[in-house]
Every structure is written in structure tokens, then in C-alpha cells.
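*Asks:* Each chain is listed here by its residues.
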Amino acid sequence: MMFRIAVAGNPNSGKTCLFNQMTGSNQRVGNYPGVTVEFIKGYADFSEEKVEIIDLPGTYSLTAYSQEEIVARDFIVNERPDVIVNVVDASNLERNLYLTTQLLELHVPIIIALNMVDVAEKKGHTIDADKLSAILGIPVIPTVASRGKGLDKLEAACLQIIKNKTLPKAVTYSHELQHVLPELTEAVCRYPELCGNFPPRWAAVKLLEDDEVLLAKMKELESASVLEKELQAAKALIHAHSNEDSATAVVEARYGFASGAAKEVTHMSEVSKRMLTDHIDRIVCNRILGPVILCAVVYILFEFVFGCAEGNWIPTSFTFDSFSSPVGLLETFFEWLSSLVNTNIATPWLQSLLSDGIIGSVGSVMGFVPLIFFMFLFIAILEDSGYIARVAFIMDRVLRVFGLQGKSILAMIVSGGLGAGGCAVPGVMATRTLREEKDRLVTILVAPFMNCGAKMPVYAMLIAAFFAKSRGLMMFALWLISWALALCCAFFLRKFVVKGEQTPFVMELPVYHVPTIKGILMDTWHRTYMFIKKAATIILAISVIMWALMYYPRLDTAPMTKGIAAAAENLRQKTAATPYAVLFAGDELDKTIEEADNPGSIQSQEQLHKQRKAFVKQLELYKADENSKVPEAVVAFERFTKQKDVVVNNFAEQQLLHSFAGRLGKILTPLSEFAGFSWRENIALIGGFAAKEVVLGTMGTAYALGRDTVDKPEPLSKIIQHDPSWNKLRAFVFLIFIMAYAPCIVTLAAIKKETGKWRWALFSTAYSTTLAFILATIIYQIGLLFY
Amino acid sequence: MTLSDTKEGDVVKVVKIKASSAIRQRMLDMGIIPSSEIKVERYAPLRDPIQIKIKGYSLALRVSEGNMVEVEPLA
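Quick mapping for you: the protein sequence lines, in order, are chains R and C.
Just add 1257 to the spot in the first sequence (first one is 1) and you have my numbering.
Just add 194 to the spot in the second sequence (first one is 1) and you have my numbering.
Just chain C, with the same shape it has in the complex (with noise of 0.2 Å):
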């Protein structure tokens, strides 16, 4: 399962990035990291970009950058 595939309220925990060096290494900079936790807050009007909340603070992403994180729900 992806980023891309959760809905607005789940929790979630990355389990790897799949993207390519300089996206990759965004995501990683920004604290999208393996383990770390996330709550997906909403969808923007069209369904994308997604408002997540990760490490205390809100982060945007499109769906295309969210279908690279794997995640797993947190029971």
C-alpha cells in the first residue's frame, strides 16, 4: 500500500521510498523517513495534492510523489 492509497484520517508508518535521487532525497530531508509515523489531515479539492502530518508538522505532497512512499497502517 501507498501514500496515495490511504484516506483522509488514517495513521500510517513509511515502510520505504521508492523514488528517485533528488525526489528521494526530498522526501527523506523532509522527514518522510522508514518508521516514521504519519496522519493523512485531507485531499486539496481535486483529490491532490494530499496534507499529511508528519514529525509535528503539516507537509504537501502530490499523488504521484505519495504513490512512491509504501506505508503500512498502524493497528
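Extracted from the complex, chain R is given alone in its bound form (with noise of 0.2 Å):
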């Protein structure tokens, strides 16, 4: 059988960087069952033996004050790990010995990794190892994590102590506690579905602790009141001797027990020096600086995340003449594949699903991918050098006024806060900072009302149709109604949905450190992989669904193909006289309007070719100038190829009216009257389910029916300009109900990953939707009465 090792330690004593150090790239992620707390398992080989290690989460006690306490003290004695590796942080000795007394307590082979003993030798600290090894009862291994130093030592510890199966000593409390913990004990012990796989006396010291779990479990016990009986009476006697609560008094039993062992282990130089981090703190978390420093920090996330993924820095030439972005590249790759499927495979409902469904969903997935990558190498880098915690300590005050808190700024800005684009998914994702359960549910629930890049493209036709004179005025109005619907949603969402009093601040402000490499790339890429193997399975599902539905049930397609037969007669008639009649006969037609469309792309029969060339030719010129001299010839194939348009257009808005998807939003129709919503826009924004750039091209083809484009071929934001039943008022509540509504999937991929629960995945899509028609509705009422 392999053996188990279970690494555990305070956040931010280098325990990851030591787990990552031990196992390098041989990583597994995995949740514990029923919570969201994500562990990491890896696997290495010590001197010829596979062992398997495990990441416990980052705890600075073993209380039941979160879920990352309970699923490590529940890990470590139900799932019994062949031993223990705490890492304890040299430069922050006492208060990391205070979480050793209580694996101590646990009654578990252990073994301390004495860590940053570099740091704590700038600090003007020199530990002894063999002091503490002898105090503790454990081994103790001097590490440096980040340089990798300690380890062979370490892994060699470590199997000693699994050959040799060495427990720790007991953990000697103060005199009051050692004087009433036996009886206790016993009495315990009486109970053994009490304590389960715990040790008795931990479950007596727990019990002095209030511990919320075992307190529980207390009461369901049949005879409750014997040992509730008891244990009143311990904790008299204790009141009386030390004139403290029982809880407090075990708390300064083992701080009693830390400090006095890290007192005489550590040797301090004369002058203990003043830390880097203070005079970094000094000025980063300056009253006046502090701000400031954050807004450029913020600034920077943005511009590096966008910029990385969608700014144009990978050379697509050997001769660096030609530049494409991460995102660009994906697309130009999908575009491909789905033109690949498009050119080989004819039957069209397959080729429907394969291009439009099954490849453009996962190809917009992984447009994505870029993003949340930058994104949370970004924060990683932000988390490691500890700069995170200094965001929440200068923001908290603003954004606890919502029900909010300081990280979730960032989970914001990502999302769009900054007015400028953004991406509501690797917002969502960004929330994992939060430790707090009920600040990060709301945050993820207010962070899709931020304007989000794919949404700009509807907000820039709209404001060119309608408001293009104050075009800067109205994205500004734009960028505040978000904010101020996030912060007020969020507001009523802790009061009423998210409930329960404010989770504690009482957070430690790290010791700053240059992040490792390693340790980042490793973070993010086992972060973005995540996010692909969760979000790509339910995103295909639902985007063949939605496909279904705009596609199905398809219209018969020969009174589309009638009218272009129709249209390709009369330019065989008007053109039969001319010497590019040729041209336009039977098959050789479809390469002509190829060829129309790009130039240069038929390599047929060199004759025809050269006078198809010459034939496009003259079609430039006539469009470049519609009075210069042509023949009668490129006139006609212009009007055909605009007669054709007109047929196939028309066809595909029938097509989208006769669906499902159009179905649909005509019978919302009398609802979305109130909002003033015709069926168009319905289809187009029951499409913007998928993805909100969808919005802009589905509304394209719903308002192509019926018009004349003949002669004027016009863009979508000159047709609603010109169209009588659109005014203002409309385009206003449309911009409003298009910020507000539905997340678009893969954000509710993201929010279901994050929450774990499709709960609030169903939960996020109904209210934002119910609120955006509220909205609408309200303001396009109280609107009509003045416009």
C-alpha cells in the first residue's frame, strides 16, 4: 500500500510552496465530498517508495470556525495520513506552535518542517531545531520551501517515523486544565459515538472549547445530561481557579505551551530588526498612498489581463511583420475547423450542429481560456506576494456598507468595473480569494451586472443609432447604473436572500515575499484546467441546446431556392447577349459570385479565369463609382446578387421566426410589451442566454425580413434608427434590461463551479432576469408618460 502524507500548516507559511516542492508537476485536484474546499493531491517517490501527499487546507486553528478547520481535523483522523507534515513558519514561530498543539492533540505521528528559517534570520531570529525537536517530542527539520532546501531531510524524517510509527508525546496544558482533563476524560470515554475516531481527551478538551460540532453532537446523545452535568462542573472549577471562561483558558493553555516553547528556541539578536514588510506597509497601506497604490494596481490587472489575451503580441511570421493575440488565434483556429467541417460534410442539420453548436460553444470556451488564465496568474502573483490582504484592509470599510467586502473590488473590476470591457467569468472565478463563504456567494451573484466586453458591442449600435451626440455621457451613465445596481443588489441580497450576521475580519496581513515561479504557474494552470474540464462538459450540453432551438423545426427550403433560381433567369436573360453570358451559366455561376466576393479565389479553366478576372474587375470599379461607363452585364449580376441576398435573408428570418427560440418570443411577446420588447428582440435576447455578443447578430437577421436592401444595403443600427416603432426610450430600456439580465453560460458554468450548487447558478439567472424586466418595465412605463 502507498503511504499517505498530509501536509498542514498556517496560510501563508510556505506550505503549498513545500507541498510543490515535494511533489513537482505530479498533481491532482479533488474536493473533499459535500463541501466546496478544494484539496491537492500529488505524488512523489521517496528514496524508492511511492507515497501519496496531501495539501490540507491553509488553518490556523482545528476549531469548527470554518469548513477548511473541520475538513482538515476530519481528514487527519478519519482518513488516518501515515503521518503528518506540519509546516510551521520559523519567522512566526508562536503563533504557528499554536496549531502544532493542537495536531499534537490529535494524537498523530507528526513532524515539523521548520520553515523560512531565511526569513526569520533577517528578522534577527536563530531557531534551534533540536531544542524545539526536543521539547515537542517530534522531529523538526529546518526547510527553506522556495529554494528547496531541507527536503532530502525531511522525506528521509518522514519515513522513519512511518517505519517506527512514533506518536507524539501528550501536550501539557496549565495547571486548572491538567487538573480537571482525567476526570472529563473518562467521562468521555463512556461515550464512545462521541468522539468517533478522536482521541477521548481531545473530544474533553473540545468540549471546555464550545466546539460548535461536538457540542451538536452532545446533545443528540440519549444521556446528555449526565456528561452536560459534568462538564458544567469542569468548567466551574476552572472559573474558579482562573477567573476565565473555560475556551479562553484552553486558548491560553496552548498559547501558554507555544510561546513558552518558542521563547526557548529562538535566540534574538540585540536589535530585533524593523521587517521590510513594515516599511512596505508603511506606505501601501498610507492613508492617502494607500488608495492611490490600488487604483494603479488595479489598473495594472486590468491592462495586463486584457492586454495578454486579447492584445496582439504572438508573431504569426518568422519575420515578427505580422502580430495576433491569444484570443485571436483561438478564434482564427475554430474559424478554421468549423470552415473544415462547413466544406466537408453536407448534410446540413449536421453540419449546423458541428459548426454552429458543438464548435462554436467550445471554441467560445476556449476564448475564454486566455483570459482566466492571465486573470489568475494575476491574482496569483497579487496572493502570494500578500498584497490581497492589504486590498481588503483599505477597501472593507466602502464595500461593507453593501454587504460586501474588500476583495471583492477585484472580483469586479474583472468582471467590467472598470467600464471598459471585462469578463464576468474569470470575475467569478476571481472571488476565491474570499474566504468567507457569504461575502463570496454575494460577490458572484452582483459581479455579472458589471458591463462585461461582450456586452459593448449591443451598447455601441444602440448609442450610434440613438444617442450618438452624447456618446461619452452615456457609456458614463452606463458604467454608473451598473455599479450602483451591483452594490444595491447586493445589499438586499445580504439582507434578505444570503442571510446571517457578518462574517469576522480578523485577518493576518502576511509578511510580503517574491511569489516563486513554480509556485504560480503551477496555481494557475491547475486553476484554468479546472475551469476546462468542468465548464466545457455542461457549456457543450446547454449550447446544443440552445442551438435545437433556434434551429428546429426547419422550413422547407424551396421557396428560398425557387426565388434565387428565379433571380439567376432574368440575369441569364438580360445577360445572354454579352460575351460574360458564359459566366453566368449553370455551375459556373457559384464560382462567378465567388469570385465576386473574393477576388482571386477560383482557380478554374484559364480562359474562363482570365475572364472572370476581368469581369470582377469592372464590378469594382462599378462599386467603387456607380456612374463610370460598365456593361450591362455587371449591372444585372449587382442586381441579382442583392435579389439574392434579399431571398436568402428573408428565409433565414422566417427560418428563426418558424424555431422554437422564435416561438418563444412571441408568446413572451404580451409580457415583453410592458417593457416595450417586440418578438425581435426577444429571440435576440433569449439567444443572448448563450452569449451576449449573440444579442447583436440574432437581432441582424430578425430585423432583416421584409426590407427592401436592394438598394441600400444599411447596417443594423441605421434599420432600428430608421424603424418608426423605435425611439430613445427604447434603445435606453433595451441598454438597461441587457446589463441587468441572465449571466451568459459559461458565467453560469463559472458560478455553479464556484458555488458548487446549480442552485445559485438557477438562482443568478432568475432574479437578475426578474429584476432587468422590473426595470424595464418601470422605467419604459414612466418614460411613455413623458415621451
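Hints listed in this document are in silico derivations from the structure and should not be mistaken for laboratory results.
One or more hints might be untrue.
As the list claims (entries may be wrong) - Each computed BS3-like pair below joins lysine-lysine, with the alpha-carbon atoms no more than 25 Å apart:
| hint | chain 1 | residue 1 | chain 2 | residue 2 |
| --- | --- | --- | --- | --- |
| 1 | R | K1492 | C | K212 |
| 2 | R | K1379 | C | K247 |
| 3 | C | K233 | R | K1492 |
| 4 | R | K1901 | R | K1870 |
| 5 | C | K212 | C | K247 |
| 6 | R | K1379 | C | K210 |
| 7 | C | K233 | R | K1520 |
| 8 | R | K1426 | R | K1388 |
| 9 | C | K207 | R | K1520 |
| 10 | C | K210 | R | K1756 |
Stated by the list, open to error - Cβ-to-Cβ under 7 Å is the rule here; a few derived chain C residues that face chain R:
| hint | residue |
| --- | --- |
| 11 | R220 |
| 12 | P243 |
| 13 | Y251 |
Yeah, the Cβ is synthetic: ideal placement off N, Cα and C, and Gly gets one too.
Each chain sits in its own coordinate frame; assemble them with the hints.
*Replies:* This is the structure in C-alpha cells:
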């Protein structure tokens, strides 16, 4: 059987760094059953011996304070790893040893990795590891995880302990505790179901500490009253002796043990140096400079993430004269894949399913990957360096008013809070830095209100059509409204949905340090990979459903084919006498159309090719200047292509109207009219569930019907502008609705992944769509009174 | 006097924690226990939260939480 090692320690003790050094890239991400706490497992060879290493969540204590703490202690006693490696930050010995005493209480084999001894030395502290080992009765190995120092010794010590199965001595507490513990332990022993796999003495201590999990368990016992009486007696005795309540007495006793040990093994140089961290904090947390620096960091974060993902910096030729962006490259790849499908698969439904349904959706998910990757990369740097905690410190007061927390600001900014694009998918994922479950949930639920990049094209179109003169003012208003919406919703969600007291904000401001490249990259990769793995499957399924809704049922294509044939016949009659007639006969017509759209694309017979080239040149001349003298045939062809487009567009719209989505859009009209939306907007909005970009395309199709575009092909913004049913009010209402209604499915998948429950993804869709509709209706109805 | 009544640069000693269970447990775990020494480093831009130095490390807590920590000045 493979040996199992669990790594435990305080947050910021270098625990994950040590874990990465021990396992290398051989890691896997998993979840604890029933909880959203993620854990990472890794594998390593210790002198020919294969071992499994589990990275437990970083905790300060093992009470029932947070899910992480419960998970960590349950894992240790129920899964019985062969040895616990307790990573102890040597530069912060006392508080780290506090956790160590709690691990010792669990009475399992433990080794201490005395980490960051270099930082302690910089601080002016030298620590005697052998002495510490003697006091605690367990091996203590000095390490510098970031540079891989001390790892061989640690591995050897692990094997040694596993072989000998050495258990640590019991912790000696204060006098008062030692006095009551034997009796209480004995009492607890009578209730094996209370302890489970935990040692009875531990259970007794936890009862004195008012541990919620154990108290709940005690209440379930049949003869709870007997034990309860004994517990009360013990508590009273402690209170009488120490004038403290028992929980404080227990913690004091542990800290007494920890600080005693720390003092005895630490040798301080004469002047304990004021550390670099204190100097940095003096600037970074400064009342005036702090917010300024925060603004700068947030701005850089934004520029970095979107600049790296969407900026053109990857050379696409060896001569370095053309560049593309990661997102652009992925888009090009999926377009290429899609065209491959289109040219090789003839069955229309299969072609559409593959290229629009599957490749389209997988492509759109993959398009998010660079964004997510760079966002995680930057956040990991901020987190590992220690800056995130300062962000929380500076912003907490402001965001607390709305039931959010200092760190929420990062998620909001990444989601598009700067008003110039962004994306809710990495935004939702950026809430990882929030340890408080409730604050995190509320942040996740309001981040999608921010104006993400996908909403921008729709905004741009409507603003161009109706608010062209006050473009900047309108964008500013939309930015302001999105923040107001998010903060108000946060306030009400916290009050009525995610109820409960505000979680305490007792947070360590860790020592700054330069993050290791390896750690950052591994962390980023893990998080990105988890997104791809989980989100891709969900998104694929929903996208196929969305595709089917917009594609089925099909209309008969015969009228369209007939219409095109009639136009072609007309063209042939008009040009029969011209030298170009041969280009419009039978199959040649298709080639001519393609050549006209894409000059130089056709490789046909030499003579025909020459003729076609000449024709296309004439056509281009005609397009450039309608008054130039050109052959009749060119004019006729141009008229033909426009007629053909009208036929195809009309069919596309009729098909859209005929589809399930179209019918749904029609059914919803009586309701949506309150907000001023016609069936065309409804279909577009339904399509927008898949991705907000879809809104524009679908509207384009929906507004193509019955429009005589033969003489004047118009962009959508012009069509809407001249449509008598549209006006500034409708445009504004539509803008607000787009901003507020349901997050796109990729965001939903991210919400599901981050909250662990479909319930929240569905809730997010329902409440934001309802809110959007109510807002739109109110604005529209009030607007009608004045407009 | 509570922790929230202190000024930047003050050095105080914890007397008692008057908080309810979860918050108290958290404070105790983080080292805010009777007779431990606290140096008030600074207040955040809006005078909340407070940054303190305790047991050799930096800790931030809200003013509302600082109100629950009774302290006395260390001469």
C-alpha cells in the first residue's frame, strides 16, 4: 500500500510551496465530499518508496470556525494519513506552534518542517531546531521550501516515522486544565459515539472549548444530561481557579505552551530588525497613498489581463511583421475548424450542429481560456506576494456598507467594473480570494451586472443609433448604473437571501515576499484546467440545446431555392447577348459569385479564369463609382446578388421565427410589450443567454425580414434608427435590460463551479432576469408618460 | 478602554474579550488573549479596520471587533 502524507499548516507558512517542491508537477485536484473546499493531491518517490501527499487547507486552528478547519481535522482523524507534515513558519513561531499543539492533541504521527528559516534570520531570530524537537517530542527539520532546502532530510524523517510509527507525547496544559482533564476524559470515554475516531482527551478539550460540532453531537446523545453536568462542573472549576471562561483558558493554555516553547528555542539578536514588510506597509497601507496605489494596481491588473489575452503580441510569421493575440489565434483556429466542417459535411443539420452548435460553443469557451489564465496568473501573484490582504484592509469599510468585503473589489473590476470591457467569467473565479463563504456568494451574484466586453457591441450599436451626440455621457451613465445596480443588489441579497451575521474580519496581513515562478504557474494552471474540464462539459450540453432551439423545426427551403433560381434566370436573360454570358451559366454562376466576393479565389480553366478576372475588375470599378461606364452585364449581376441576399435573409428570418426560440419570442410578446420589446428583441435576448455577443447577430437576422435592401444595404444601427417603432426610450430600456438580465451560460457554468451548486446558477439567472424586466418595465412605462 | 479607542502607535495589553462565540474563538486563535501585548500600527484610510502587531505578526480587524477587546495602556 502507498504511504500517505498530509501537509498541514497556517496560511502563508509556505505550505503549498513545500508541497509543490515535494510533488513536482505530479498533482491532481479534487474536492472533499460534500463541501466546496478543494484539495490537491500529489505523488512523489521517497528513496524508492511511492507516497501520496495531500495538501490540507491552510488553517490557523482546528476549531469548528470554518469549513477548512473542519475538513482538515476530519481528514486527519478519519483518513489516518501515515504522517502529518506540519509546516511551521519560523519567522512567526508562536502563532504557528499554536496550531502544532492542536495537531499534537489529535495524537497522530507528526513531523515539523521549520520553514522560512531564512526569513527568521533576516528578522534577527535564530531558532534551535534540535531543542524544539526535544521540547515537542517530534522531529523538527529546518527547511527553505522556496529554494528546496532541507527536503531530503524531511523525506528521510517521514520514512523513519512511518517505519517506527512513533506517536508524540500528550500536550501538557496549564495547571487548572490538567486538574479537570483526567476526570472529564474518563466521562467522555463512556460515549464512544461522541468521539468517533477522535481521541477522548481531545474531545474533552473541545467540549471545554465550546466546539460547535461536538456540542451538537453531545446534544444527540441519549444520556447527554449526565455528561453535560460533568462538563459544567469542570467549567465552573476552571473559572474558579483562573477567573476565565473555559474556552479562553484552553486557548491560553495552548498559547502558553506555544510561547514557552518559542521563547526557549529562539535566540534574538540584540536589536530585532524592523522588517521590510513594515516599511512597505507604511506606504501601501498609508491613508492617502494606499488608495492611490490600489487604483494603480487594479488598473495594471486590468491592462495586464486583457492586454495579454486580447492584445496582439504573438508573432504569426517568422519575419515578425504580423502579430495576433491568444484569443485571436484561438478564434482563427475554431473558424478554420468550422470551415473545414462546412466544406466537408454536406448534411445541413449535421453541418450546423457541428459548426454552430459544438465548435461554436467549445470555441467560445476556449476563447475565455486566455483571459482566465492571465487573470489567475495576476491574482496568484497578488495573493502570494501578500498584497490581496492589503486590498481587503483598504477597501473593507467602503464595501461593507453594501454587505460585501474589501476583496470583492477585484472580482467586480475583472468583471468589467472599469467600464471598458472585462468578463464575468474570470470575475466570478476571482472570488477565490474571499475566504468568507457568504461575502463570496454575494460577490458572485452581483459581479455579472458589470459591463463586460460582450455587452459592448450591443451598447455601441444602440448608442450609435440613438445617442450618437452624447456618446461619452451615455457610456458613463451605463457604467454608473451598473455599479449602482450591483451594490444595491448586494445590499438586498445580503439582507434577505444570504442572511446571517457579517463574518468576522480578523485577518492576517502576511509578510510580503517574492512569489516563486513555479508555484505561481502551477497554481494558475490548476485553476485554469479545472475551469476547462468542468465548464466545457456543461457549456457543451447547454449550447447544443440552445442551438436546437434556434435551428428546429426547419422550414421547407424550396421557396428560397426557387427565388434564387428566378433571380438567376432573370440575370441570364439580361446577359444572354453579352460576352460574359458564359460566366453565369449553370455551375459557373456559383464560381463567379465566389470570385466576386473573394477575388482571386477560383482556379478554373484558364480562359474562363481570365474572363472572370476581367469581370470582377469591372464589378469593382462599378462599386467604386456607380456613374462609370460599365457593361450592362455587371449591373445585372450586381442586381442579382442583391436579390439573392434578400431572398436568403428573408428565409433566415422566417426560419428564425419558425424555430422554437422564435415561437417562444412570439409567445412572450404580450409580456415583453410592457417593457417595449417586440418578438425580434425577445429572440435576440433568448439567444443572448448563450453569449451576449449573440444578441447583435440575432437582431440582425430578425430585422432583415421584409426589408427592401436591394438598393441600400444598411447596418443594423441604421435600420433600427429609421424604424418608426424604435426611439430613444426603447433604446435606453433595451440597454438597461441587456446590462442586468441573466449572465451568459459560461458565467453560469463558472457560478456553478464556484458555488458548487446549480441552485445558485439558476437563482442568479432568475433574479437578475426578473430584476431586469421590472426595471425595464418601470423605466419604459414612466418614460411613456413623458415621451 | 477598548482596542478601538487607541491611537496609532499605542502599545496596549489585552484585558478581556467580550465577543460572542465565533468571533471570540477567532480572536483567541489569532493570539488576542488576555495579557498579550498589542501595538497599534495604523488605521485604514476610512479609520476602519485597524492594523495591529501581535505576537510578532500583523493582524487587521474591524473597529466593531476592536470594540470587543478590552485593553489597558502598557506603561
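*Asks:* With the threshold set at 25 Å, check whether the alpha-carbon distance from K212 (chain C) to K247 (chain C) stays at or below it.
*Replies:* holds (20 Å)
*Asks:* So if I understand the rule, the pair passes when the alpha-carbon distance is 25 Å or less; does K1492 (chain R) with K212 (chain C) pass?
*Replies:* The given pair, whose Cα atoms are some 18 Å apart, holds under the 25 Å limit.
*Asks:* Hint check: is the beta carbon of Y251 (chain C) less than 7 Å from a beta carbon of chain R?
*Replies:* holds (5 Å)
*Asks:* Between the alpha carbons of K1379 (chain R) and K247 (chain C), is the straight-line distance 25 Å or under?
*Replies:* holds (18 Å)
*Asks:* Does P243 (chain C) pass the interface check with chain R, least Cβ-Cβ distance below 7 Å?
*Replies:* Nearest chain R Cβ about 6 Å off; hint holds.
*Asks:* Checking one constraint from the list: CA of K1901 (chain R) to CA of K1870 (chain R), max 25 Å. Satisfied?
*Replies:* holds (22 Å)
*Asks:* Taken at face value, is the distance from the CA of K1492 (chain R) to the CA of K233 (chain C) at most 25 Å?
*Replies:* Violated - the C-alpha atoms of K1492 (chain R) and K233 (chain C) are around 32 Å apart, more than 25 Å.
*Asks:* Between K207 (chain C) and K1520 (chain R), does the CA-CA distance stay at or below 25 Å?
*Replies:* holds (19 Å)
*Asks:* CA of K1426 (chain R) to CA of K1388 (chain R), is that 25 Å or under?
*Replies:* holds (15 Å)
*Asks:* So if I understand the rule, the pair passes when the alpha-carbon distance is 25 Å or less; does K233 (chain C) with K1520 (chain R) pass?
*Replies:* holds (19 Å)
*Asks:* Given the hint that K210 (chain C) pairs with K1756 (chain R), does the C-alpha gap stay at or below 25 Å?
*Replies:* Not satisfied, since the Cα-Cα distance of roughly 29 Å exceeds 25 Å.
*Asks:* Can we keep the R220 (chain C) interface hint, with Cβ of chain R closer than 7 Å?
*Replies:* holds (5 Å)
Of the numbered hints listed earlier, those contradicted by the structure are 3, 6 and 10.
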